[in-house]
Structures are given as structure tokens and as C-alpha cells.
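Protein chains: 2
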Amino acid sequence: MNSRRDFLQKLGISALALHLAPLSGWTASKNNVEAPYEGRVLRVAIMGLGSYGTRVAEAMQSCVKAKLVGVISGTPSKIKDWQSKYGIPAKNCYNYENFDSIKNNPDIDAVYVITPNALHHGMVLRVAKAGKHVICEKPMAINAKEGQEMVDACKKANVKLLVGYRMHFEPKTLEVIRMRNSGEFGKILFFQGQCGFKIGDPTQWRLNKQLAGGGSMMDIGIYAINGSRYMTGEDPVWVTAQETKTDPEKFKEGVDETIQFQFGFPSGATASCLSTYNMNNLDRFFLDGEKGFAEMWPSTGYGPIQGRTHKGELTQPVTTHQTVQMEEMAAIVFDNKQPVVPVNGEEAVKDLKIIEAIYQAAKTGSKVVISL
Amino acid sequence: MNSRRDFLQKLGISALALHLAPLSGWTASKNNVEAPYEGRVLRVAIMGLGSYGTRVAEAMQSCVKAKLVGVISGTPSKIKDWQSKYGIPAKNCYNYENFDSIKNNPDIDAVYVITPNALHHGMVLRVAKAGKHVICEKPMAINAKEGQEMVDACKKANVKLLVGYRMHFEPKTLEVIRMRNSGEFGKILFFQGQCGFKIGDPTQWRLNKQLAGGGSMMDIGIYAINGSRYMTGEDPVWVTAQETKTDPEKFKEGVDETIQFQFGFPSGATASCLSTYNMNNLDRFFLDGEKGFAEMWPSTGYGPIQGRTHKGELTQPVTTHQTVQMEEMAAIVFDNKQPVVPVNGEEAVKDLKIIEAIYQAAKTGSKVVISL
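Chains as they are written, first to last, in the UniProt record's numbering: chain D, 1 to 372; chain E, 1 to 372.
Hints listed in this document are in silico derivations from the structure and should not be mistaken for laboratory results. Owing to the predicted nature of the structure, the values given are computational and were not obtained by experimental measurement. Each residue gets a CB set at the ideal place from its N, CA and C atoms; glycine is no exception. Be careful, since some hints might not be right.
[Unchecked claim] Think about it this way: if two alpha-carbon atoms lie no more than 25 angstroms apart in a straight line, the pair counts; the simulated BS3-like pairs of lysine-lysine are:
1. 291(E) to 245(D)
2. 245(E) to 187(D)
3. 155(D) to 138(D)
4. 291(D) to 250(E)
5. 187(D) to 250(E)
6. 187(D) to 129(E)
7. 129(E) to 91(E)
8. 245(E) to 367(D)
9. 252(E) to 367(D)
10. 198(E) to 311(D)
11. 250(D) to 291(E)
12. 250(D) to 187(E)
[As the list claims (entries may be wrong)] Reference listing, derived: stretches of chain D covered by chain E, where coverage requires no fewer than 3 residues with Cβ under 8 angstroms from a Cβ of chain E:
13. 241-249
14. 258-271
15. 321-329
Bound conformation, chain D alone:
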């Protein structure tokens, strides 16, 4: 860490991070142009080397507070590829049989679980037992019960449990939340969250009920759920939902294709949301208040996020979400930093409870009361 080479390397990474993401709000990164980051670096092993794991690994190359140092995978050839690509030493490589021994590895601080949804629960419990901090992709689990068990296990093991809500650190999103908190929209009346895309390969795990725990709701609809909460600043108290399925061959029993759902909030505000695996062009948030509005479209894609309010275009910088997320998560783990919108397990359990309520509302056709 103290060698000249490390210094230059960090300087280079920092400059790249600034190029990709002029993080005006993150003074630590800014200062780094003048002086290298001297704080503790979160050393992360990624579990699950699929497409999203790869995206996170790439994004982490621009981090200064977090560093990819290890991998956990069931596929030896992938491990080999990643080792050479990211300079990962053999001693930090694990498979699903032996990764519990990670507890004896002093060079790894945290494991980022990016497996199929249904495996999160078991894997997180093992990581917690190994005494490592946990970052878990969303949805944290396939139901609230499992989610709560994960929260409890991490608490018991005295490790942090953070969930991969990358939008919680996105600058335009944070600006809308700041405007709401400062009253610039007036009383909030309505939120709309439309999240979806047309999914490809019908054989992928995301369309397998056993592995995904559901369909579009688990993967993309959760953004509308979570967004409705951080955009309005309230948690819903009731939900109604309507499911439609045009392709029962591709979207089998228990795998939702399209669900519309509506929330009511304690203030009287309402939300209109949509989750789909069968349509493109749907990635829009809209927040309406008595004094103004915010629109974000795209609102949760990998970027660039675009938005405007009644005051004009949102001009906050375009960032690589996963880079900023990992920088901020390092600060949460080591500096106990409090993010504007929580990313902990308790927060994620709420989304799981809401998903269960949506599924119940869609199934019964009745309004379901939500108790978080």
C-alpha cells in the first residue's frame, strides 16, 4: 500500500474514476487527485461470476476505497479468467464447497453475493458464519422470511449486511430526494414507476421459478417498489395488483410476465407501478407534488440516467453506478457512514414484504394491507 507503484496505480485509478464519474458530491474522491486515498480499502470477493458479477468487477476497477481481491465460483475456467484479468491470487479463489474457509483469510473483508436469487439466503448465511461482511444483490431473498433470517444471521455474526441498491447513490436520484426533503415539490401526491424490459433467452435462470423466486417483479419490478419508497419518502400501506400473461410458455407458473400494481401511502399519496419482462421503453419514474414534479427517464437503467423537474433539466453528473455504490459501501462498512437512503438488510426485507403483498393482491384480486 505504501510503495510508489501502489501510489501511482491509485492515482491512475482515481483519475479514471473522475473521468468516468465527476463525483462532485464525493469529496474523498475529489481530494484524491491531490493526495492518494489513505483510508482502509474494502477488499471484496465476488461470488457468482456471471454477467452482473462481471459488470461489478469492471466498475470496481475505478474504485479507490474498494478493491476486487477474490472470487467464489463453481466454474474453474471462470476463476482462471478472472485471476488473470483482475490479478487475483490463487489463495483468494474459492468454490462453493470450500468457501467457508474464507474465514481464515485475513486478506478478504467482504463477499458480494451475485448468485441466482434463490441461493442468496444460504450463501449469505455461510458468509456471515465465516465472519465476513456481506453485500448481497437484490432481491435480497425470494421471500421476507428468508430475508429476515439473513438479517438476523448477520447481526449475530456482527457483520454488515448491505444490499446492492445502486440507485441509492445515483446523483440525479439523490437530487430529487433532496428537493423533496426541502419541500420543493410541496406535498407529494403521486408516484409512477414503470420498470421493465423484454427478456431474451427463455432458458436463463431468471425465468426459472426455483432459482429466481418469481419473474419480472423479483428482478426489475423491485426498482419500482423501492423507488416508490425513496421518491415519496413513505412506505406503502396498501396495494392492489393485476397480473397479465401473454406468453405462458416462456413465463411459466409462478414466473410473472407483467404486473401492474398500485400503492396507497399514509399521507394519501398514491402510486401507479408496472413491472414487466415483456416490453421495452419502460424505465420511468414520475413524482408529482402540489408545487412541482420530477421525471426520470431512464430512471434505473445502467445509465445514463436522465431527468428533469419543473425547474428544468437535472444536470448532476453521470456515474457508473456500481463504482459509486462500492465506494460508498466501503465508507458504510468502515466509517459507519449513513447513506441518504438505507441499503441495509432491514430495508431490503421491506421490499420483500411488499413483493409478497403484490403477489397476494394479484392472485386474490383484492386490496392487501401492507404491514412493514
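Using the hints, position chain E against chain D.
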């Protein structure tokens, strides 16, 4: 009509119409720059001299195929004002007691009924009985039964019954419909119609169940209903709906404040709609297909309408909707012109049936099958 003064006047009106509305699609108006309109002019009496009646009268000043020639009102002072403002002869002025004698007036072809909703039914029946063509503001009636009686009465009297669906003649709207018909969006999957505004004066007739027949749905929600039909090109077969009310003092029993509703269409497409009297910034249509999308925002306000598709901005001319509507309705009455989207009574009855289904769905909380 043949005097030099008439000629110049018409030329002036025509030039004004072109200035306000470069009607590239309406060749009759275009040709008029070179030669005055020689066809038959629809001579209209307006019934109900309120704010919307005034808007229509102003817009008609730019018409060449239609002309405001008479008034029907219960307020003598209003009649006097209109007489002097629009040059209306005393013989073409009526009140609600004596207007049945309009049947003996050879200088009036049609009556445009712009009274509170609940009065449409009775008034249209009287106009039909007087043998005059009818233009009726939307909603045509406060329920489908009355609407059908109006259709039947006009048929029996052999007069036309047209409903004030001004958006059916709006150029950007027609371009989206043209693109849909030519397959440019591919298979249609989804429509969103958000229509609403924050209504003012709590004492106005629009918030009186007896006069309005309902609340926001009757006035502004109907645009989302009608829009879902002309944008998708299908009629809905089921609806679910959720009503919320935050101000029961202003929005009394039977006067809906905010209703969300969802449609299913025969093709499998769905719609997500919202009708409200309690929020601004909601005037948006969104059409999503397998190959592309259209967004209109504002979509049904008095203008200017703005829109874009996956191919770029919609650049069709900004028009004064009521001017174009009256020009086109003159052609429908005298030339039997077939509009791209029907504006007849049968079309309007469908919207009333759908409104009844929405109210039922909101009340019962159950999915309601729609049979048109």
C-alpha cells in the same frame, strides 16, 4: 355570401386560420388562400355560454366551413354580450323555454350543446325533435342508457349526432394513429393515459353530482378512456379500478377525486390510466409497441400538444383544436366525410359504458368485464 365584403372577410379569416394552424392535411383550407370556400357553411347555435362555450365561439371565428350564428342561454345579459361580440341577429337568440321553435329557423343548421353534463340528454332530445343537427360536448351523457336514447332520437329525427372529441382531429394524435396503423410501433403492448388537473372553485357545477354525473372521470378521465381506444386501436374487454379521495369535503359522495384504472384488450395489450381532479402535471399518453413507442405530453390539453416517438419529435402543426374540430364536423355533416376516429354518438356511448364499468370496478374492487 357573394359580396366583395364577404369575400374579403373570408379571405381574412382563412389567412388567420392558416396563421394559427398551418393545416397541412386540410387541403380545403389551403386552397382557400387562392379561392374562397364555396361550399356549404355549417351555421351553428351554441347552447350554454360558459367558459367552454366561449372558447368554442372564439375558435369558430377562424373557421371557414362553420359559422357561429345563434345562441341559446338562460342569461339575457350573456345573450346581449354575445350578440354584440359575434354579430348574432336577435332572431337567432333563444332561451331554454322557447328554443324548440328553432325548428322554424331556416338560418341555423346545428346546435352545439355545451351545458352541464346532466342536461345534455334532455337538450339533445329537444334539438333532435327540432330537426337540427346536434354537436354535444363530452361526456355525451351521464350514463350509457341516456346516451343510447340520444343516439336513437337523432337517428329517428334523421339528424347527425356528433360529440366534441376535439383530439380526434389533432395532427400529432393523428400522426401517432397513422404510424400505429402502418405498423411502425409493431404489435401494441401497452398504453398509459394520465389525465388530470387540480380543480379550483368547489362550488362549480363540475363538482356537483346532480349536474356533472360524477367527478373527474366525467370531465378529464374520459380523455384517458377515449385515448386508450384511439391510441391502441382496440376497445377494452376488462377493467380494474381503485378510487382514492383525500378531500371528501370538496369531492362529495359520487364525485370522484382520483381513480386509477387498468384495461385489458383483446390482443393482450394492457393500459394503465389515471383520472384526477387533485393533481397538476398529469396530461400524458404513452403507447408502447414491440418496435417502438410514442409519448405525448401534454396529450389532451388545449395546446400546444407535444410528442415524440422512437423516431424523434412529432413536428405536425400546432392547431386550435376547436377550430379544426368545427371545420371537420362541417364536412362530416354536409359531405359525409369519414373521420379517422369516429366522433358520432355510437362512439360516445362506448365511453359511457366504460365509465360505468370503471365506477363499478372501483366500487366493488373486482375486475369488471366490458361489453360494448
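Structure-based check of each hint:
A hinted pair counts as satisfied when its Cα atoms are at most 25 angstroms apart, and residue 291(E) with residue 245(D) qualifies at roughly 19 angstroms. Restraint check for residue 245(E) and residue 187(D): satisfied, since their Cα atoms lie roughly 15 angstroms apart, inside the 25 angstroms limit. Of the supplied pair hints, the one linking residue 155(D) and residue 138(D) holds, its CA atoms being roughly 19 angstroms apart against a limit of 25 angstroms. Pair hint residue 291(D) plus residue 250(E) holds up; C-alpha atoms about 20 angstroms apart against a cutoff of 25 angstroms.
With a C-alpha separation of about 18 angstroms, the suggested pairing of residue 187(D) with residue 250(E) holds against the 25 angstroms cut-off. At most 25 angstroms may separate the alpha-carbon atoms for a hinted pair to count; residue 187(D) and residue 129(E) exceed this at roughly 51 angstroms. Taking the CA atoms of residue 129(E) and residue 91(E), the gap is about 20 angstroms. The hint holds against a cut of 25 angstroms. Proximity of residue 245(E) to residue 367(D) is assessed by CA-CA distance (about 16 angstroms); at most 25 angstroms being required, the pair is judged to hold.
Distance hint between residue 252(E) and residue 367(D) is fulfilled; the C-alpha atoms sit about 23 angstroms from each other, no more than 25 angstroms. Between residue 198(E) and residue 311(D) the alpha-carbon distance is near 19 angstroms, which keeps this suggested pair within the 25 angstroms criterion. Distance check on the hinted pair: residue 250(D) and residue 291(E) sit about 20 angstroms apart at the alpha-carbon level, within 25 angstroms; holds. Pair hint residue 250(D) plus residue 187(E) holds up; C-alpha atoms about 18 angstroms apart against a cutoff of 25 angstroms.
Figure legend: the segment 241-249 of chain D, annotated as covered by chain E; annotation consistent (3 residues with Cβ-Cβ distances under 8 angstroms, at least 3 required). Under a criterion of three residues with beta carbons nearer than 8 angstroms to beta carbons of chain E, the stated coverage of the segment 258-271 of chain D is upheld, 6 such residues being counted. Only residues whose beta carbon comes within less than 8 angstroms of a beta carbon in chain E count, and the segment 321-329 of chain D has 0; fewer than three means the coverage is violated.
Violated hints, in rising order: 6, 15; the structure is consistent with all others.
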